[in-house]
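Asker: Turn these sequences into a full structure, and let the hints guide you.
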Amino acid sequence: MTVEPLDVDWFDGRHARPRRARLHIERDRIQVLEPESGRPEGRANGRPGRRVVLLELPLAAIDWPERTRHGARIARIAGGGELHAVDVGLWDAWAASHGLRQPMLVRVQLRWRFVLAVLLVLALLAYGVWRWGIPMAGRAAVTLLPPVVDRQVGDAAYAALRQRWLADSALPAARTEPLRRALEASLARAEGPGREPLRLHFHASRLGPNAFALPGGHVVITDELVTLLDGDETVLLGVLAHEAGHVRARHGMRLMVQTALLGAGASALLGDPAGWLATLPALLGGAGYTRDVEREADEAAIRVLRAAGRDPAAMLRLFERLAERRARGTEASGAESIGIAFASHPDDAERIARFRAAALAR
Amino acid sequence: MADIGGAHAGGLLAPPWLDTTPWTSPSAAAARTHDASPDRHPLAFTGSGSEYFRIWIVNLLAMVLTVGLCYPWARVRRVRYFHRNTRLDGHAFDFRGEPIRMLRGFLLVWLLFGAYNLASQSSGVAALLGLGAIAALWPALWRGSLRFRLGHTSWRGLPFAFEGDTAGAYRAFGAFTALGLPSLLLLVFAQARPGEAGFLLPLLAALALALGPLGWYEVKRYQHRHCAFADRRSDWQATRHEAYALFARAAALGLAGALAGGVLFAGVVALAPAGRGPGDALLVGLIATAAFWLPLAVPQSYMEARTQNLVWNRTVAPGLRFDSALGVAPLCRLRIRNLLLLVATLGLYWPWAVVATARLRLGAVAVLSDEPMDGLVGTLRTAAPDASGDAAADVAGFDVGL
Numbered sequence: 120m121t122v123e124p125l126d127v128d129w130f131d132g133r134h135a136r137p138r139r140a141r142l143h144i145e146r147d148r149i150q151v152l153e154p155e156s157g158r159p160e161g162r163a164n165g166r167p168g169r170r171v172v173l174l175e176l177p178l179a180a181i182d183w184p185e186r187t188r189h190g191a192r193i194a195r196i197a198g199g200g201e202l203h204a205v206d207v208g209l210w211d212a213w214a215a216s217h218g219l220r221q222p223m224l225v226r227v228q229l230r231w232r233f234v235l236a237v238l239l240v241l242a243l244l245a246y247g248v249w250r251w252g253i254p255m256a257g258r259a260a261v262t263l264l265p266p267v268v269d270r271q272v273g274d275a276a277y278a279a280l281r282q283r284w285l286a287d288s289a290l291p292a293a294r295t296e297p298l299r300r301a302l303e304a305s306l307a308r309a310e311g312p313g314r315e316p317l318r319l320h321f322h323a324s325r326l327g328p329n330a331f332a333l334p335g336g337h338v339v340i341t342d343e344l345v346t347l348l349d350g351d352e353t354v355l356l357g358v359l360a361h362e363a364g365h366v367r368a369r370h371g372m373r374l375m376v377q378t379a380l381l382g383a384g385a386s387a388l389l390g391d392p393a394g395w396l397a398t399l400p401a402l403l404g405g406a407g408y409t410r411d412v413e414r415e416a417d418e419a420a421i422r423v424l425r426a427a428g429r430d431p432a433a434m435l436r437l438f439e440r441l442a443e444r445r446a447r448g449t450e451a452s453g454a455e456s457i458g459i460a461f462a463s464h465p466d467d468a469e470r471i472a473r474f475r476a477a478a479l480a481r
Numbered sequence: 014m015a016d017i018g019g020a021h022a023g024g025l026l027a028p029p030w031l032d033t034t035p036w037t038s039p040s041a042a043a044a045r046t047h048d049a050s051p052d053r054h055p056l057a058f059t060g061s062g063s064e065y066f067r068i069w070i071v072n073l074l075a076m077v078l079t080v081g082l083c084y085p086w087a088r089v090r091r092v093r094y095f096h097r098n099t100r101l102d103g104h105a106f107d108f109r110g111e112p113i114r115m116l117r118g119f120l121l122v123w124l125l126f127g128a129y130n131l132a133s134q135s136s137g138v139a140a141l142l143g144l145g146a147i148a149a150l151w152p153a154l155w156r157g158s159l160r161f162r163l164g165h166t167s168w169r170g171l172p173f174a175f176e177g178d179t180a181g182a183y184r185a186f187g188a189f190t191a192l193g194l195p196s197l198l199l200l201v202f203a204q205a206r207p208g209e210a211g212f213l214l215p216l217l218a219a220l221a222l223a224l225g226p227l228g229w230y231e232v233k234r235y236q237h238r239h240c241a242f243a244d245r246r247s248d249w250q251a252t253r254h255e256a257y258a259l260f261a262r263a264a265a266l267g268l269a270g271a272l273a274g275g276v277l278f279a280g281v282v283a284l285a286p287a288g289r290g291p292g293d294a295l296l297v298g299l300i301a302t303a304a305f306w307l308p309l310a311v312p313q314s315y316m317e318a319r320t321q322n323l324v325w326n327r328t329v330a331p332g333l334r335f336d337s338a339l340g341v342a343p344l345c346r347l348r349i350r351n352l353l354l355l356v357a358t359l360g361l362y363w364p365w366a367v368v369a370t371a372r373l374r375l376g377a378v379a380v381l382s383d384e385p386m387d388g389l390v391g392t393l394r395t396a397a398p399d400a401s402g403d404a405a406a407d408v409a410g411f412d413v414g415l
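Protein sequence lines correspond, in order, to chains A and B. If you want our numbering, it's the position in the first sequence, counting the first as 1, plus 119. If you want our numbering, it's the position in the second sequence, counting the first as 1, plus 13.
If you're looking for bench data, these hints aren't it; they were derived computationally from the structure. Since the model is a prediction, treat every value here as computed from it, not as a measurement. Keep in mind that a hint or two might mislead.
[Said to hold, decoys possible] Incomplete in silico selection of chain A near chain B, CB under 10 Å: (1) G132; (2) H134; (3) E185; (4) R192; (5) H203; (6) Q221; (7) V225; (8) R230; (9) W231; (10) F233.
From the three backbone atoms N, C-alpha and C, an ideal C-beta is built for every residue, glycine too.
Answerer: Shown next as structure tokens:
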């Protein structure tokens, strides 16, 4: 099968003026011919076609270009010089007829259905990393961090919070000491001896009824929460056990590591667009991690309550009281604003169901 | 008058048929082009967003699968796409960078920054030392990347070259070093004594205003004075005064933009319905941040357009000039549109944004040539910068991913 030689613009690498030429491939050699040479009819008639060879090279000396929709076709000649396509369509057809295949990557990107497949694979990979990869990496990274780091972070955070949000507690020792002892006793029964003691702090606060845990063993509970629960020791114990669960499992550090990994991954993936855009997936994804962590803490609370011989269903009273407070309009709910995406505590309904199931399963 | 004497410089590397070429003889060319007005050749960008999206997505998957190791290959494909879609006088540019060579530079820079990150986490002193090391190496790395990038670009078969030396690169960064060292000292001082640091911000701002434009000027001058193409060497004829004037106007616009942004920010926060919790506060925060950055698109576009115009209008070579007429308003409109679409598509619009920006910025530039561009002739220098004589001394054009 004779293939028409291809018209090209040949640049020899020293002059900016192109030279019109024709390309012809024979076995593994490529020839750059004078424009009028190599007519197949000439040879078919027995007369040798007039062929003036300007340049002859092994095929490997030419670097064939990718097929793109708009760009130029420029083939580099080893040692200097370029071949530019005069007609891109003819060039592609000629290259195809000579078996000059495009690299696989290019063939993939030329067809939209492959590109959509690539998008799908990327989306699945991203989901997998977010859902399983990063939490696993977070857990692993935290085991590598020495506990002294937790304490440093926690101490600094506690000091900062005390400056702005926490005031001295107004509760008498008669109310706080029994709670403290009950917590120590329940933790000793649930975890066994030899664990680091928790540092429990009571404070009055603008935050309202709340309790939270900081890395390194600080657990803070506000006067308002103690008052709201009317000294109901079981529920208060459940809340403190929940926070203790956060501390023992080093959730604070884990969340920090996971958020950092998520942010780094997001900015690596979407690197080029506006930097702050990359924080959006980190925020959305990070809230999901918080929900996982809260679930684990709830389960720890259930374990401690059971070990202390108390009914986990008592926690339902906490949600009742909080709901009453919301209904009275004295506090905002955190969970319903943007839907589940930005919520940091799982829906109250989910937690209520969990505690209720824990009670029934005794 | 341009010297087109290369036609007779036949040496070992010239093809044997050179003497019988149909190219116009030098004298004929010189005689023909005596009319006053130069030929105007505008640049054009022919790429499309959807095509670049496909390249970008496939690159992304490859990067994820190889944990970033295929970055040099991805980069070469990207740069080549943009080069081959940039047309001048009927022919496109080409990029001949070898990904293997780029891998070396890429690994080096990655190690450097990784070491800096590790150091900065262990102690402040280590961080400072790391920063110092990077700052000390930076001009050499930057020059290497210029050599690589330019040396592997070609048009009509003729390669470009960057001929600046390492000493020049360090001199070019002189102003920035003069700015950076005192700033660093001031920052350390501020950390040590936060109470007495009240005068710090105005001092830093004054320092930046005084030395920043000078630093930019020196760097651009180095960059545009040592480019070579065919047998032409470039020169840059801007004055320091022009640089200062540009930055002063941009700073004034920036201040106005920041004020407007602050007003918008406060407005969004004030007008937002009373939040019902952390989720609402977050959303309001995001919208307010976007509202703050929006007015800043104006000074940013002003800076971008005017610096492009200044840099290119003052770049000259024998027989060649450039004309860059990038308007601030079209660029500003494009930037805002890109920003809004990026946010709306969570970043997926990015390939289209980059292509649209390239089209606008390249389309504003034209080459003014006293003779037809066909008459340009290359010197006997070989194409690859690695083959240069001082390959031992210079870290030889490796790409740092800039």
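Asker: Give a verdict on every hint.
Answerer: Evaluation of the provided hints:
1. G132: With a closest approach of 5 Å, the G132 of chain A hint holds.
2. H134: holds (6 Å)
3. E185: Holds - the Cβ of E185 of chain A comes within 10 Å of chain B, reaching about 8 Å at its closest.
4. R192: Holds. Min distance 8 Å.
5. H203: It holds, given that the least Cβ distance between H203 of chain A and chain B is near 6 Å, below 10 Å.
6. Q221: Violated, about 12 Å.
7. V225: holds (9 Å)
8. R230: Nearest chain B Cβ about 9 Å off; hint holds.
9. W231: The hint holds - W231 of chain A has a Cβ within 10 Å of chain B, the shortest such distance being about 8 Å.
10. F233: Holds. Min distance 8 Å.
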